[in-house]
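Peer 1: Residue numbers (the working numbering), protein chains in the order written: chain A, 1 to 114; chain B, 1 to 112.
Derived by calculation from the structure, the hints in this document are not laboratory data. These numbers were taken from a predicted model, which means no experiment stands behind them. Treat the hints with care, as some may be off.
Not close to chain A: a few residues of chain B, all C-beta gaps over 12 Å, as computed [said to hold, decoys possible]: (1) Ser12; (2) Ala19; (3) Asn38; (4) Gly42; (5) Thr77; (6) Ala81; (7) Ser86; (8) Lys99; (9) Arg107.
If you anchor each label on the Cβ, the simulated ranges turn out as follows [what the hints assert, rightly or not]: (10) A:Thr20 - B:Gly16: 28 to 36 Å; (11) B:Leu75 - A:Gln84: 24 to 32 Å; (12) A:Tyr100 - B:Gly16: 28 to 36 Å; (13) A:Ser87 - B:Gln9: 18 to 26 Å; (14) B:Arg54 - A:Thr38: 27 to 35 Å.
By construction, the Cβ of each residue, glycine as well, lies at the ideal position given by its N, Cα and C atoms.
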Amino acid sequence: DTGVSQNPRHKITKRGQNVTFRCDPISEHNRLYWYRQTLGQGPEFLTYFQNEAQLEKSRLLSDRFSAERPKGSFSTLEIQRTEQGDSAMYLCASRSDGPYSPLHFGNGTRLTVT
Amino acid sequence: SQQGEEDPQALSIQEGENATMNCSYKTSINNLQWYRQNSGRGLVHLILIRSNEREKHSGRLRVTLDTSKKSSSLLITASRAADTASYFCATSLTGTASKLTFGTGTRLQVTL
Chain A
1 DTGVSQNPRH
11 KITKRGQNVT
21 FRCDPISEHN
31 RLYWYRQTLG
41 QGPEFLTYFQ
51 NEAQLEKSRL
61 LSDRFSAERP
71 KGSFSTLEIQ
81 RTEQGDSAMY
91 LCASRSDGPY
101 SPLHFGNGTR
111 LTVT
Chain B
1 SQQGEEDPQA
11 LSIQEGENAT
21 MNCSYKTSIN
31 NLQWYRQNSG
41 RGLVHLILIR
51 SNEREKHSGR
61 LRVTLDTSKK
71 SSSLLITASR
81 AADTASYFCA
91 TSLTGTASKL
101 TFGTGTRLQV
111 TL
């Protein structure tokens, strides 16, 4: 069971730098989600892909954030010109088709912006 | 924004006792799910209840759903130290079955 894989696990960057995170979903899952979680809070939805199409994007996602899923396999989330407020855990999840299939989460990438 | 809110925010019990967590949400849903998160890890799916179901069981877990009150509860029976984690409810809204919206979570501590 390969599960959902996220890299890196931890990222420390200086304010103003760009960062990119990678997510490898479960191979047969065509739906992929990015969430952000801050300490003591639940995950907040950022964006959603069905295959390679980005179908929904939260208003939380400013112009500095961009996500891609080329070829409908792995996905990347890039944050440009990072700010201290971007410090959080970034979680990726995938699921199969159907309204009742659960999300399978990776262990996240913890971003610290200094 | 958070769709649901869990209550209590934190719960501390002794091993062997039952733990009950509640979740309230705001709009009509397609289904409600419960997830567990150990510190520093991703979330793990526990159980899903559809909007036309009222109660569901899985092992030591029992979930109820009251759509008229827009609330759900998760009962963990005979708790173990390994149940120590944060528990989140998540809702899939009617008409938008693509994404889940999570609540704020209940932090459960089970002591020996």
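Peer 1: Each hint needs a verdict: does it hold in this structure or not?
Peer 2: Hint-by-hint comparison with the structure:
1. The Cβ of Ser12 of chain B lies farther than 12 Å from every Cβ of chain A, with a closest approach of about 16 Å, so its non-interface assignment holds.
2. The beta carbon of Ala19 of chain B is kept farther than 12 Å from every beta carbon of chain A, the shortest such distance being approximately 18 Å.
3. Residue-level check failed: Asn38 of chain B sits 10 Å from the nearest beta carbon of chain A, not beyond 12 Å.
4. Its beta-carbon lying about 3 Å from the closest one in chain A, Gly42 of chain B breaks the requirement of being farther than 12 Å from that chain.
5. Listed as outside the interface, Thr77 of chain B is consistent with that label: its C-beta sits roughly 22 Å from the nearest C-beta of chain A, beyond the 12 Å cut-off.
6. The claim that Ala81 of chain B is not at the interface with chain A holds, since no C-beta of that chain comes within 12 Å of its own (minimum 21 Å).
7. Separation of Ser86 of chain B from chain A is inadequate, the least Cβ-Cβ distance of about 9 Å not exceeding the 12 Å criterion.
8. Its closest Cβ contact with chain A, about 5 Å, brings Lys99 of chain B to no more than 12 Å, contrary to its assignment away from the interface.
9. Under the 12 Å C-beta cut-off, the non-interface status given to Arg107 of chain B relative to chain A is violated; the minimum distance is some 8 Å.
10. The supplied range of 28 to 36 Å is broken by Thr20 of chain A and Gly16 of chain B, whose beta-carbon atoms lie about 47 Å from each other.
11. For Leu75 of chain B and Gln84 of chain A, the hinted distance range of 24 to 32 Å is not satisfied, since their beta carbons lie about 40 Å from each other.
12. At about 33 Å, the CB distance of Tyr100 of chain A to Gly16 of chain B agrees with the hint of 28 to 36 Å.
13. For Ser87 of chain A and Gln9 of chain B, the hinted distance range of 18 to 26 Å is satisfied, since their beta carbons lie about 22 Å from each other.
14. Distance hint for Arg54 of chain B and Thr38 of chain A: a CB-CB separation of about 34 Å, consistent with the stated range 27 to 35 Å.
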